[in-house]
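Participant: First to last, the sequence lines map onto chains H and S.
For what it's worth, full-length UniProt numbering labels the leading residue of the first sequence as 1, then goes sequentially.
For what it's worth, full-length UniProt numbering labels the leading residue of the second sequence as 1, then goes sequentially.
Just so you know, not all the hints are guaranteed correct.
Since the list gives no way to pick out one identical chain from another, each pair is judged satisfied if it fits inside one copy or across any two copies.
Here are the computed lysine-lysine pairs in the DSS-like style, where the Cα-Cα straight-line distance is at most 27 Å [unchecked claim]:
1) Lys-379 - Lys-78
2) Lys-48 - Lys-778
3) Lys-669 - Lys-713
4) Lys-509 - Lys-790
5) Lys-778 - Lys-126
These are calculated hints, taken from the structure and not from any lab test.
Number of protein chains: 2
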Amino acid sequence: MTLATTPQTKPLTDEELQKINAYWRAANYLSVGQIYLLDNPLLREPLKLEHVKPRLLGHWGTTPGLNFIYVHLNRLIKKYDLNTIYIAGPGHGGPGLVANTYLEGTYTEYYHNISQDAEGMKKLFKQFSFPGGIPSHVAPETPGSIHEGGELGYALVHAYGAAFDNPDLIVAAVVGDGEAETGALATSWHSNKFLNPVRDGAVLPILHLNGYKIANPTTLSRISHDELESLFVGYGYKPYFVEGEDPADVHQQMAATLETAIAEIQSIQREARVHGFTERPQWPMIVMRTPKGWTGPKEVDGKKTEGSWRSHQVPFGNIAKQPDHLRLLEDWMKSYKPEELFDADGKLIPELAELAPKKHRRMGDNPHANGGILLHDLKIPDFQDYAVDVAEPGKAIAEATKVTGKFLRDIMRLNQESSNFRIFAPDELASNRLDPVLEVTDRVSTAEIYPEDDHLSADGRVMEILSETSCQGWLEGYLLTGRHGFFTCYEAFIHIIDSMFNQHAKWLKTTRHIPWRRPIASLNYLLTSHVWRQDHNGFSHQDPGFIDHVLNKKAEIVRVYLPPDANTLLSVTDHCLKSRNYVNVIIAGKQPALQYLNMDAAIKHCTKGIGIWEWASNDKGGDPDVVLACAGDIPTLETLAAVDILRQHFADLKVRVVNVVDLMTLQPKTEHPHGLSEKDFDTLFTTDKPVIFAFHGYPWLIHRLTYRHTNHKNIHVRGYKEEGTTTTPFDMVVVNDLDRFHLVIDVIDRVPKLGSKAAYVKQQMQDKLIEHKHYIQKYGDDVPEIRDWKWPY
Amino acid sequence: MTLATTPQTKPLTDEELQKINAYWRAANYLSVGQIYLLDNPLLREPLKLEHVKPRLLGHWGTTPGLNFIYVHLNRLIKKYDLNTIYIAGPGHGGPGLVANTYLEGTYTEYYHNISQDAEGMKKLFKQFSFPGGIPSHVAPETPGSIHEGGELGYALVHAYGAAFDNPDLIVAAVVGDGEAETGALATSWHSNKFLNPVRDGAVLPILHLNGYKIANPTTLSRISHDELESLFVGYGYKPYFVEGEDPADVHQQMAATLETAIAEIQSIQREARVHGFTERPQWPMIVMRTPKGWTGPKEVDGKKTEGSWRSHQVPFGNIAKQPDHLRLLEDWMKSYKPEELFDADGKLIPELAELAPKKHRRMGDNPHANGGILLHDLKIPDFQDYAVDVAEPGKAIAEATKVTGKFLRDIMRLNQESSNFRIFAPDELASNRLDPVLEVTDRVSTAEIYPEDDHLSADGRVMEILSETSCQGWLEGYLLTGRHGFFTCYEAFIHIIDSMFNQHAKWLKTTRHIPWRRPIASLNYLLTSHVWRQDHNGFSHQDPGFIDHVLNKKAEIVRVYLPPDANTLLSVTDHCLKSRNYVNVIIAGKQPALQYLNMDAAIKHCTKGIGIWEWASNDKGGDPDVVLACAGDIPTLETLAAVDILRQHFADLKVRVVNVVDLMTLQPKTEHPHGLSEKDFDTLFTTDKPVIFAFHGYPWLIHRLTYRHTNHKNIHVRGYKEEGTTTTPFDMVVVNDLDRFHLVIDVIDRVPKLGSKAAYVKQQMQDKLIEHKHYIQKYGDDVPEIRDWKWPY
């Protein structure tokens, strides 16, 4: 292992140092101004109470450090014409990034009313954390950002996601020492084992050790220098340390260290691009240890503030009641000497303005941070070419995800050259039957590879790590920088990224109202190894609740699909991969299963999203006596098997089968753009007949979606009710009352006209259930007639 | 830093080595038998197809390693009379732990029908992964376990949770190299900065590097030895390496290394307990690198199997169709020489049985792994002593969580000596206003402490790390070993542990049906800094959906409380801390807010969980014209303010106010034990009057809970509809239509009898909303009359 030593030279001339420091002062000045001021932005008159915001919001602590890094990156971008974006991990660094994009001119170009003069500065200050203004985090509104602050821990995964397949890009990722404690961040350092210097860009992690969170010191700031160094060497990096409090000294250290780091990155890339990938390089990273709230007030009310957790948010408030606080604020802001930084109009003076890069090299204006600009459509073959032959419904057998795996394989092949498509999975690609993809690409690893490894190489485009957070974060970073992706995961464990999904959905919602943000590719989940086929893995693997979670987000963002077979899954997958700005959740089985629809029928069905399956119904030319609705592959199977039994016993019973692919159709049209009109819903479900709804997920979700519809009171839903263990596939549906026999009983219990035969059939169903229990306890497997049932008509 | 060197001695005599290896063979034999056999358990007749299970389920890969560690721990437990529990991190190690607890006799004591003879062994084999049998993971059914395999990543947090305040306990925590990639696990190594050798037990992490996950090599198995060593030194451990394939050699290494590790643990503890805590010790940990599927078939169908991902699950199946596989299985099982291990009856021979520890020293029978046995009630002062004085409803101001912070402070104080209560928070204790607790204890840290740190010491009982997964996992480990805890978190970010909550709730559900598992203390969440007071942190911090997630789990397990003020919060907190085997979710505000109920009224209200607030209603002696229902502190405030407006304008309107503390009361009694009867629900909500329901969370949750009730069609819910940004507190409710003015409009729109004044008042409400928008955009704060509104009657 190579331990890095801090470069000892002082690369900055005195003049450069002065200018860089002045630029930094300007950014700090603007940051404080945003937090505190409503007016008098240049302090050209004595500061008065009415110039100060009545509600003080925002976070100072991390901001000077973020500003410091920004100005130093600017220097290197200019010097070497670097293509760089900036990821601000620390949650509340909003004022810093806004200040810097304003200083470099981007902000005014994106928001014309925030002009580069005193009037614009006043607006800049006022809007921050102000009703109708901008949030206190780095946010979608912030030019140059692909990463919302707030929830923490995703700086590095977003950075790596941005760097994949962007060979010229350097992603500077500032990691807060608070967020470094999160699980998502702690494992994300290992992303370097998935980055290939030949084809990918670089990530330069900068761990910003300012020592404190809200109220506690940070873990990484309180371990020894040796341990810290070992930790990052262990993670595979070459750590450089920039440490101090004296700006002049730290400026020199940072300038020298960044020079070294950039040179090493370029040398690694040159070497790899000339000679090909040989072994994982030891990428540089920087540990920057500077005081929290650096350059802020040393003490407030006699208590240490700079370099303490007291600087985390607003270092002091209560300005109305403590006049000394007003003076403290004025003194603090004046310590940056705004009169030296801004001209008479309030514009940054030209000697400093020239420190910023130009046009798209400005980090606020780098097109990678507004990925929609760079987005190209995926090349997608005709999904109909992958159709499973379904001569008659319910007879042929296929593995839905395996079929879609072939479709994905060819998408992968067609876009190999444009390098804009990757598949993400927590070690589950093959388990989820998408392994046809491995015919054209590998799994990627730049760690050591053994000859016996299966489809593993530094060039692979399948990203597998047993970390759902890393998969999700990489994919988000990849999408936000204008590429396409696909995430496959076991259904139960996708909850691990519930909170990350929230943040991405919120980001998408917000960007829809920001005109300069261009649409990005949708985030597509294929959840398989789902609840109904987790009999072998048991109760811990059984949870279909991600849908419930997703549906709490804005209807304009989320889509949920439950294709019942292979051809419908193909059609839905094609649709999702072509969509923009959504989160699409597809749930489909991976096991060999009955196929119902040929391709024409599948396309028609998916286009409507919901429909009557005429071939399974016998209510033609009249009202049905009962509607059997189903959503999901296993519920569809059990529903059809129930229909089979009903037809055998009750020839006169008019049964209608409704299958739902697009779950959003069930909501009223007023609630979701895919929702059915009241009339269409009534046409399908009747206004007064019993509806037995077999659902993939928790049953109450169907009630939540349909409660406003006329016939809601007659809808009886079966679904997963949190019963399960290691058992047989059919027993899983039995213990949750979703099986064919229970469904038949449900019909018998609700349709009055069945007459004397009803009791007899009901008893027969109960006998079947008992017989099933005996059989599985004896043989450990399902009754063959049940297991091998096919649609007999 | 000190780098450990592998101890070079060979501590085992030949005889010991032979015996230990024989015991290991026995465990491996039983493991394979569980995966494959239905009958012929001792292979005393030639193996035939009918002896083999028709469905082969389970995981072999990790099992021999787990067995290997178990037998070596047994040796040290006996030798030094250690008090040790075993945490099996790798997901599917079920057969191994079952085999070992069977060999040591615990299993038969817990499950009498699984006797220690051929008949019992046959049952042991059959039940594994068999319908009606036991899961393939280490599970609640497994004696000695506090940790379900399946979802991965929590081995270390559970281990540390168990070790806290258990000074004599050594928790051996086997970490799979697959799960080591998860975020939760990657950050959990840092738990050593929270462990105090004076008062806590020890965790001995054993990273089991067997190289492969389902289909991929593991990250940590493919970095260099140097990096691996640095990583763990960086994490603060002294890593020892046990590596090899030859059992005899690895037995000696493991025996020597475990001796060393235990000696170091004991020396660290002795030193600290004699001289007090001085600095964080470098605790030992072990990296054990052995082949995946060790001792299994080297090759199957010509493909490498031992030492490959092909050993992950069942190394070969298809036994019915490939007779050579039947022979392979027989040869494999016979390679363990069962005839040397088990006597004529099928019982482990005495020379081997004596290797196991006795009674409670057996890891399967250690009482810490059945924590309910050790559980003592918390000493809890009378919560009424902390009552806020509420002379009249809706006039006094208090901070609810601050008040409860004082209650918690005294609980902490009273239980200081018994050392069985801790509070967990992701750096949010003070932010959530529970800081009174710091009057009697500190935050804990065994990392470096500076003089300016705030209430931080190695003796603290408040556990703060910016990792929700660590907080959750520690707490789970602490509860499962028979102690009490309290987790406070920002509401939005509790979603980070959604999936961990699932697993704990499933564990609780399962244990309810295992007679020997004793009830443990409930897992209590206090979610604050909630959605309605995240105006300053903005959209990313706004998500009240954890309730929705929680309610998908079994009704018998989950409870959700929304106390509207300080006294109700006290009462609810008291109730939750005394409860067993639940997950309790309490949601309450931390900001200064109106108080409504004096302590007597609060107790009555909380006991019922729901009720009419007579003092706010004017429907006495008759039916109301409208019901205004509310759940949550801010919805309650807005509802009362709306009632105030309604009374001013419509003196004749009969308004009933219903407040809900216990959300579960809204469900039908058939669905939840707290549910109201249909009659009681109708009495509160009427059968036909409009109900305007102001709810803390997503509005559809109320529909989901109430859709079966008579008056459901008239329930109109306002709640969070995913609108928000950085704004003012009142504007947060306005943008979600939950404010008093919208509520008044909702009433006007639904009550026909209001006459000609209705249109005028409605217009006035709309004017108020516009006025509010203008005001906040000008002043950045809410209109004082709105902000400072109190109940005027």
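Participant: Would you mind marking each hint as holding or not holding in the structure?
Facilitator: Each hint, compared with the structure:
1. With identical chains, the CA atoms of Lys-379 and Lys-78 are never at most 27 Å apart, being 36 Å at best within one copy and 65 Å at best between copies.
2. In this assembly of identical chains, the alpha carbons of Lys-48 and Lys-778 lie at most 27 Å apart only when taken from different copies (17 Å versus 85 Å within one copy).
3. With identical chains, the CA atoms of Lys-669 and Lys-713 are at most 27 Å apart both within one copy (19 Å) and between copies (18 Å).
4. When the C-alpha separation of Lys-509 and Lys-790 is checked against a cutoff of 27 Å, the pair qualifies neither within a copy, at 44 Å, nor between copies, at 36 Å.
5. For the identical chains of this complex, Lys-778 and Lys-126 are inter-copy neighbours only, at 10 Å across copies versus 74 Å inside a copy, given an alpha-carbon limit of 27 Å.
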